[in-house]
Each structure stands twice: as structure tokens, then as C-alpha cells.
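Participant: Residue-level listing of the chains:
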Amino acid sequence: GAVVSQHPSWVICKSGTSVKIECRSLDFQATTMFWYRQFPKQSLMLMATSNEGSKATYEQGVEKDKFLINHASLTLSTLTVTSAHPEDSSFYICSAQKPGLAAGELFFGEGSRLTVL
Amino acid sequence: AQSVAQPEDQVNVAEGNPLTVKCTYSVSGNPYLFWYVQYPNRGLQFLLKYITGDNLVKGSYGFEAEFNKSQTSFHLKKPSALVSDSALYFCAVRPGGANNLFFGTGTRLTVIP
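Respectively, the protein sequence lines represent chains A and B.
So that you can map any letter, position 47 of the first sequence is 47 in the working numbering, and since no number is skipped, the others follow by simple counting.
So that you can map any letter, position 10 of the second sequence is 10 in the working numbering, and since no number is skipped, the others follow by simple counting.
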């Protein structure tokens with residue numbers, strides 16, 4: 001099956017710093033990637049849709065200046081949490097859509113756990 | 001509004017017994033329906049999908065799900081549960097014409113040896 005790699009798998013940072021999370025599709029090109037946030041014992045909340053070569057589409061209520069998304073190549077999307085605060089602590093998961101498969105059959109990264117002190 | 005409901009936060013079943021994890025949905029158009037499984041501190045893994053055709057779909061690890069249009073349900077089933085099936089299961093739906101998924105709140109399945 002297709003592989004999506006996320007890095008780092010966990011990160012601890014101080015309040016006020018910025019953190020970058022990478023999402024890579026290792027064996028296919030993904031024109032579309034999705035970023036989710038998952039709170040403990042809750043479902044995945046779609047944050048934004050990352051489109052290669054264009055601006056990301058953010059879901060309602062998600063601050064685009066807070067969560068910067070860049071999809072510079074067909075295999076890499078990055079999520080940068082700027083000026084992180086403790087309430088940004090969460091599990092962030094990316095997914096990628098493999099061309100040729102039914103839309104919605106996504107391949108997920110392993111997730112990145114962010115802890116802001 | 002689009003929504004996916006998993007009415008049970010927790011399902012416990014004895015090893016070897018059949019299991020069912022429930023999912024109902026409310027979306028526009030003809031939806032694509034999915035089940036994903038999540039192990040602790042991991043991403044989601046695809047189990048199965050319904051796009052069209054036979055209402056009973058078979059997926060990975062012996063799981064299957066039945067699409068019921070009249071009841072707008074897509075329950076996940078397995079005839080004989082394994083301890084290794086213990087995980088968090090998410091139902092997801094892609095509304096007709098949309099590109100993203102809406103997830104249910106998840107059901108934690110515990111298979112008791």
C-alpha cells in the first residue's frame with residue numbers, strides 16, 4: 001500500500017515558538033493532502049486541504065495565520081504552528097489522496113504529537 | 001449539514017464472538033462510506049469502503065460492513081473477534097461532490113480474551 005510519512009512524530013516546544021510538521025507521500029504523488037487535528041478521545045477535525053502549487057483551503061474556525069500550510073511539491077506538505085500556545089497541544093495527522101483511487105480513500109501519516117509548555 | 005454518528009463510545013466483546021460497530025450518517029447526495037482503524041499514537045489505517053454496488057463490502061482483517069440506504073447506516077462487522085482487533089474505529093463519509101471526509105467520533109473496541 002501507499003506510504004505517508006510524518007515528521008516529527010512528537011515534539012515539545014516552549015510557548016511562543018513555531019513548530020513545523022512535515023507530511024510526505026513516499027511512493028506516490030499527491031496533489032491533495034489534508035491536515036487533521038485530533039483531541040484526546042475525540043474525532044479527527046479537518047483543519048485544511050493542502051493543494052500543490054496553490055493556497056490551502058482552511059475550514060471554518062481555523063486560523064490560517066496560526067496554522068501555515070505549504071504544499072510546495074507533489075510529495076511534501078508542511079504545517080507550521082506559529083507562536084504556539086499550550087492550547088495548540090494536540091495530535092496532528094496528515095493524509096494524502098493517491099491518484100486513481102476513490103476520493104476519500106486516504107492514506108494517513110502516523111501523526112505528530114505536539115506539546116506546548 | 002453533514003454528520004456522522006457513532007452512537008457507542010465503547011464496545012466490549014469476548015474473543016471469538018461476533019462484533020458490530022455502529023455508524024449512521026446524514027449527508028447530501030450519494031455518499032462514499034469508509035471505515036478506518038487507529039491504534040494508539042498512530043495514524044489511521046483504511047479498512048474498507050462502499051462506493052456503489054453490493055451493499056455488503058468486505059475489507060481488511062476479516063472485517064465487513066453493510067450499507068443500508070433506508071436506515072442511512074454503515075455498520076462494521078466481523079464474525080469472530082480477535083484480541084488484536086482492539087483499537088479505535090472511525091466511520092467516515094465523503095458527501096457526493098465533496099473532496100474531504102467527515103469522521104464520526106470513534107468507537108473504542110475492546111476484545112476480551
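To be clear, the hints were calculated from the coordinates, so they are not data collected in a lab.
Wrong hints could be hidden among the right ones.
Stated by the list, open to error - These stretches of chain A come out as covered by chain B in the derived footprint (C-beta under 8 angstroms, 3 or more residues): (1) 44–58; (2) 108–116.
Said to hold, decoys possible - Pairs of lysine to any residue, SDA-like flavour, derived with a Cα cap of 20 angstroms: (3) Lys69/B x Val57/B; (4) Lys98/A x Ser60/B; (5) Lys41/A x Ala5/B; (6) Lys58/B x Ser3/B; (7) Lys41/A x Val11/B.
All C-beta atoms in this analysis are idealised placements derived from N, C-alpha and C, irrespective of residue type, glycine included.
Participant: Given the proposed pairing of Lys41/A with Ala5/B, does the C-alpha separation stay at or below 20 angstroms?
Facilitator: Given pair Lys41/A, Ala5/B holds - Cα atoms ~15 angstroms apart, limit 20 angstroms.
Participant: When I compare C-beta atoms, does the stretch 44–58 of chain A have three or more residues closer than 8 angstroms to chain B?
Facilitator: Our answer is that it holds, as 3 residues pass the Cβ test (under 8 angstroms) against chain B, meeting three.
Participant: Given the hint that Lys98/A pairs with Ser60/B, does the C-alpha gap stay at or below 20 angstroms?
Facilitator: holds (18 angstroms)
Participant: Please verify whether Lys58/B and Ser3/B have alpha carbons no more than 20 angstroms apart.
Facilitator: violated (24 angstroms)
Participant: Three or more residues of the stretch 108–116 of chain A near chain B by CB distance under 8 angstroms?
Facilitator: holds (count 5)
Participant: When you check the alpha-carbon spacing of Lys41/A and Val11/B, does it fall within 20 angstroms?
Facilitator: holds (14 angstroms)
Participant: Does Val57/B sit within 20 angstroms of Lys69/B, going by the straight-line distance between their CA atoms?
Facilitator: holds (14 angstroms)
Hint violations for this structure: number 6 only, all remaining hints satisfied.
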